[in-house]
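Can you build the whole structure from these sequences, using the hints too?
The lines below spell out each chain.
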Amino acid sequence: MQKEIKKVLVLGSGALKIGEAGEFDYSGSQALKALKEEGIKTVLINPNIATVQTSEGVADRIYFLPVTPFFVEQVIKKEKPDGILLSFGGQTALNCGLELFNNGILDQHDVKVLGTPVRAIQETEDRQLFSEMLDEIGIKTARSLSATSPEEAIQAAEKIGYPIIIRAAYTLGGQGSGFCHTQEELIQKIHQAFSYSPQVLVEESLRGWKEIEYEVVRDQYDNCITVCNMENFDPLGIHTGESIVVAPSQTLTNREYHKLRQISIDIVKRVGIIGECNVQYALDPQSEDYRVIEVNARLSRSSALASKATGYPLAFVAAKLALGYGLHELKNDITKTTSAFFEPALDYLVVKIPRWDLSKFHGVSREIGSSMKSVGEVMAIGRSFEECIQKGLRMIGLGMHGFVANHELPENKLEDELNNPKDTRVFWIAKAFDQGWTIEEIYNATKIDPWFLSKLKNIHQLKQKLIDFRSIEALDNEFLLDLKKAGFSDFQLARILYDEDDHETIEQRIREIRIYRQAQQIVPYAKQIDTLAAEHPALTNYLYFTYHGDSHDIIFEKDKRSVIVLGSGAYRIGSSVEFDWSAVNAIKTVEQSGYRSVMVNFNPETVSTDYDSCNRLYFDELSLERVLDIVALEDPKGVIVSTGGQIPNTLAMRLQAYNVPLLGTSADSIDMAENRHKFSALLDSLNIDQPAWKELSSIEDIEKFTTEVGFPVLVRPSYVLSGAAMNIVSNQKELRHFLELATQVSKQYPVVVSKFLTDTKEIEFDAVADRGEIIAYALSEHIEFAGVHSGDATIMFPPQKVYVETIRRIKRISRQIAQALNISGPFNIQFLARDNNVKVIECNLRASRSLPFVSKILKTNFITIATKIMLGEKVEKPFKSLFELEYIGVKAPQFSFSRLSKADPILGVDMASTGEVGCIGDDYYEAILKSMLAVGFKIPEKGVLISSGTMRDKIELLNSAKWLADHNFRIYATRGSHLFLKENGIASSLVNWPDVKMYPNALDLIKEKKIDLVINIHKNLSSKELSNDYTIRRAAVDFNIPLISNARLASAFIYSIGIYKLEDLKIKAWDEY
Amino acid sequence: MKDQTYPDAKLVLADGTQIRGKSFGYPSSISGEIVFNTAMTGYPESLTDPSYKGQILVLTYPSIGNYGVPADLINDKLHLFFESEHIHISGLIIADYSEDYNHWNAVKSLGEWLREEKIPALFGVDTRSLTKLIREKGSMPAKIVHGSIDEIPFKDPNKRNLVDEVSTKEVIQYGSGKIKIALVDCGVKNNIIRSLLKFDTTILRVPWDYDFRMLDYDGLFISNGPGNPEKCEATIKHLQSALENEQPIFGICLGHQLLSLAAGAITYKLKFGHRSHNQPVLMHGTQKAYLTSQNHGYAVSEDSIPQKWESWFTNLNDHTNEGIRHQTKPFFSTQFHPEASSGPTDTAFLFNTFIQTIEQCKKK
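Sequence lines, in order, name chains U and A. Residue numbers for the first sequence follow our numbering, beginning at 1462 and rising by one. Residue numbers for the second sequence follow our numbering, beginning at 533 and rising by one.
Quick caveat, the hints were computed from the structure, so don't treat them as lab data. Quick caveat: nothing in here was measured; it's all calculated off a predicted structure. None of the hints are false.
Pair ranges (Cβ atoms, derived):
(1) A:D850 <-> U:S2012: 24 to 30 Å
(2) A:E644 <-> U:G1897: 25 to 31 Å
(3) A:L605 <-> U:K1730: 29 to 35 Å
Positions of the beta carbon are idealized from the N, C-alpha and C atoms, including for glycine.
Structure (structure tokens):
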């Protein structure tokens, strides 16, 4: 090293979004740990306040600021770091770093880019340059031509020949990409691709080829290894983030495996990576021909997966290599004795399965393809493909029980479902087997390698054989073991054997099967992930369960000195990194209190599944069956179910039924809060107000109820045909429309209807209680009125505009509820407040989404307090109160609509955001501006388009519109808004609605980029129809123009830009507040 | 669910351990030395590697047979997809068997191939537990039995001259290039010959005890092979006199041990050997580390390397010797397999080094 590195700046990836999720919290945390170990001061910029990496003690200094060149430069000026790491915060950090480098800012401030040199990154990012470079060393890439205009793209496609794939350069996980079979299709898609990037690549289509990835590591001495290879179950054409992926590769011969491995090494050496790099290939299923399709010169989702799949801490090692270490100078972190220069030998398989949440969106296409739509993923470990895939299909948490024994699929055309992959394709393969399709026929439709299909067929055949039996006792042990080895859960066995649907009966059958199985000694065994396939002894605590075994790898202490913390499972809309933060903090507290911490989770994108963050990690299912297995072996002090979100919370009652010791609030209390009827009765008994509601099973009853309480009402069906599960309806006509089209109402599928309150504030109450007494609490206020899901709302803490009397009432009600439920641990209550009338919407006796946010703003770790209470320790009330804070935090949602082609980017009662940020300001406006900039908003400079809904919205926006006009912003407005503004003396240019084919038209202005902020407030609370409003909103998203669809948020944003210029925003670290 | 039904059979170890499995190979009972390999690919290559002669092989990767078995195509006297003409292991132990395979070059399943070659094999074994046992107790005699556990006795194959069993019985010539290489076949893998034929070479493959001193060669190559190196007295004796000359010598695996013995070093048996694709080695005096493919049960004692010789490579995991070279003369050898097949190809450049050394010596 020429210059001594004493202080390093690390860039995070910001809010979680589709294509950039929790994996970067994991890699950033690992990098920070590696730097800290070397005594280097670390500075982290990441506005994602719910992450583990932004927790106390991980980095020396944390800035909750947007990861954009402007803010990073300000931090550099202030902190004067010696070096910067660009490759641990995804594409966001990399793009930001490249821009700073290109602008000469890093040089100017003498900040050295550690790890892979920028030149090398640039070579890999520019596809044209990259293909040329590989061509020079005789490595094949997909034939590709770059184009800077649609005309050039069409010419390029003709040269290469259809089918082709187009990709926008420099984008996250395939935005603006797509297959085109004809010129017409190309013309359709090319404009959108150019909206993401000035350069678009036109490439030969390799649809149906195998997709293989290698994770490569290289040090400054040119030592190079491939830590892991992975094979996609879905052939090329489906983004690797959308594919089921298996590690290591299953269908490659040694020649193929090592040919691609050697090429990976040749590429990485040629590029000059120092650290980690991912190489993706297409491999011909009929020969050894291949193409390199992509190289990522940074930590990626795949590298996080590879780390978890192998036990090799890629990000940690990459950070060490960036500091100048050689691989041979580092130790294998698992064995502690062998070298880090090695390639893990797996004696198990892992299967990754994406988790989609497409049902949360209106209008989105369910087809999966070359751009990413999934919001999370799971990883299943086992010793056969059958075992892994069935575990994994349960883990994704979509109500599926494995490959077979699931609910009937809707009536769709099987052929279409197989040919045009959608989020549920794998289950259609089961259906195809049901209907007698052969492996060859399924292969022809799907191009999924017949080896994978034959494994799925094994599962199906076992099910077919099982159908003929009528009781568990009728099975011989060998057959029962074969079933368990193939990943069948006790639930699946119960459903197939007894063919019963009643919840309680099934529960009883599961219990009988469990007891019988244990009596026959058919039980799973805990095996270690030790990186060397048992060749060297390893004291590793990283474990999974398999039925392909006859002994455990470890000895269980059974001394009641361990505490099991259940994790959150797959990230999904509504449950994400915040529960990882909670779980990790719970683990830490467990250890600090002198117990051994035991983590159960299966999400590879998390810090909680880093074997280094707990005393023992079971990377396995969060199912009743598996948790009971673990509890039986561990014999722990107890199980914590309240820090991992909804999955563990839901298990509480079932675990209690098996006498599992639960720590904290009792299962009965949890049930009372979860069960709508019981909770409502509780509130009534405490004289606590709640919005009127009823569970109803006929349209007549629903209409009668709405006559009583009046419109609008919130309707929650228990059976959904299409679209979102919940809806607000404003009149009889809308109600009928919704009930008839979108749902089914019957005794079996009742509908919950509740009175919806307009113009009402929503307030979150997060707290920790000890045996019913509140120990710590935080109140935060939504900027948007009720009607926007709390996960999509912009939230300020402490509250700024809530009456003191309202706060007093909320505290009193919360105390009553805490006492009534005898809460010990974390909980969250959501309130509605209007004119000091306070109503309770719901109460969760677990850590909430907003808990890391309020904990970090208040600098009081609620989880630490809660965990101590759950462990039975006496905890003092913290001194700090939210009323003494001299600063404000604002939490803002991150949406990923640009990834979800055709989805209506609208806020409603169902959550749609995929992530969030939390920023701090000296006042409300500074905090809101910082947080909105951190989720991708830009201060407008050109023109603002206003098309505002109701009169109330128009009035709400009047002052902000006036400010915009006074400050020479060009306001464009659709007819109604234009007239209203005119009446109130504000000039605006009238633009036509998209369906009026006359210039100036809103759509044209968006396409021409004459507008750099769109404010579109929908009029109608329920209309989901494709409409002018939809067209405007969607165009804003597709052309990457910031969109606000809530009037209160819009005016808050415009007030903020009125008060603050970018330069005025304070560059203050967390510890400076 | 498997289409076929497979009979039960047992693996019995010399320490008394009995493990039940399903027999999917040839239904005969055999004995051998039990060893494990942690590679994740390459069962056709491993099974045909003559170095496994006499051994019952445990594969730690749990899903085996996935891509079937290719046709035995022969190109210029060499097997295109195999390392020799036959399976050499005595028996195979795996966890999960894929009877349904898929690959464009596959013509039969692993089970069919094993039955054709009369090799017994078991699946359904907890190969991880078994590997841990071998790691702790060392490689040991074992047997696969289809009937009574006493139907055959344990036998230690290392007491046999395994090299003699696998070595060629006649001299075979490959290629017709300018550089003449005498290749002493102690159980040579085809890929070593393929690797040497990439250069302008003529290769004379001779039996292990052939007196190669009679040949006119530019370079001498000593191949890999099975068993205890001390059994190859004839080769060692011939090598000792070759060390008096100046022609380059390159040895791999057993060839490395034989060269070391000829030079005066000592070999010893490792507890459970190195059989994997992920053995890291460091080249002495450099920061260069390489990942190597290995398959050996014996090793050269690093402390016994005689004067005028030096350690060339060392294993980064257990610090055992991985190669030696002469300080002044063109003699060198590696414990690992630069020819890979199966395994990583990082050290293929050593064949280049060998050929270049020969060319330089020829110029002199």
